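Using the sequences plus the hints, can you model the full thing?
Residue numbering for the sequence shown follows this note's numbering, starting at 1006 and increasing by one per position.
Please note: incorrect hints may appear among the correct ones.
[Unchecked claim] Each computed DSSO-like pair below joins lysine-lysine, with the alpha-carbon atoms no more than 27 Å apart:
1. 1023 <-> 1061
2. 1061 <-> 1019
3. 1052 <-> 1019
4. 1023 <-> 1052
5. 1064 <-> 1052
6. 1023 <-> 1064
Hints in this document: simulated from the structure, not taken from any laboratory.
The model shown is predicted, which means the values in this text are computed figures rather than measured ones.
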Amino acid sequence: MLSEPTTFTYDDGKASYKPSNYNDYYANDFITMLQAIALSDNIYAVKTHMILGMEKLVKTGELFGL
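Below is the structure:
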C-alpha cells in the first residue's frame, strides 16, 4: 500500500479523519505490511481497516488475542 498523507472520509462523506505518522514520516512509496509495522505507519493501518471492514478486523484481532 502507498504510505502518504491521507484524509479518510466516512459516515457517507459527512466526516473525515486524517491520521499522521510519528515525526510526520511517510515513505511516499508503496510499502509492505512488515515495513508498515516496523515504521508504525498509521496510514497503512487505517487503509487495512477500511479494506477489511469492521467485522473482519475484529475477528482477526480476536484470533491474535486482542
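Now for the hints, and whether the structure bears them out:
no.	hint	verdict
1	1023 <-> 1061	holds (23 Å)
2	1061 <-> 1019	holds (24 Å)
3	1052 <-> 1019	holds (18 Å)
4	1023 <-> 1052	holds (12 Å)
5	1064 <-> 1052	holds (17 Å)
6	1023 <-> 1064	holds (25 Å)
In this structure, every one of the numbered hints holds.
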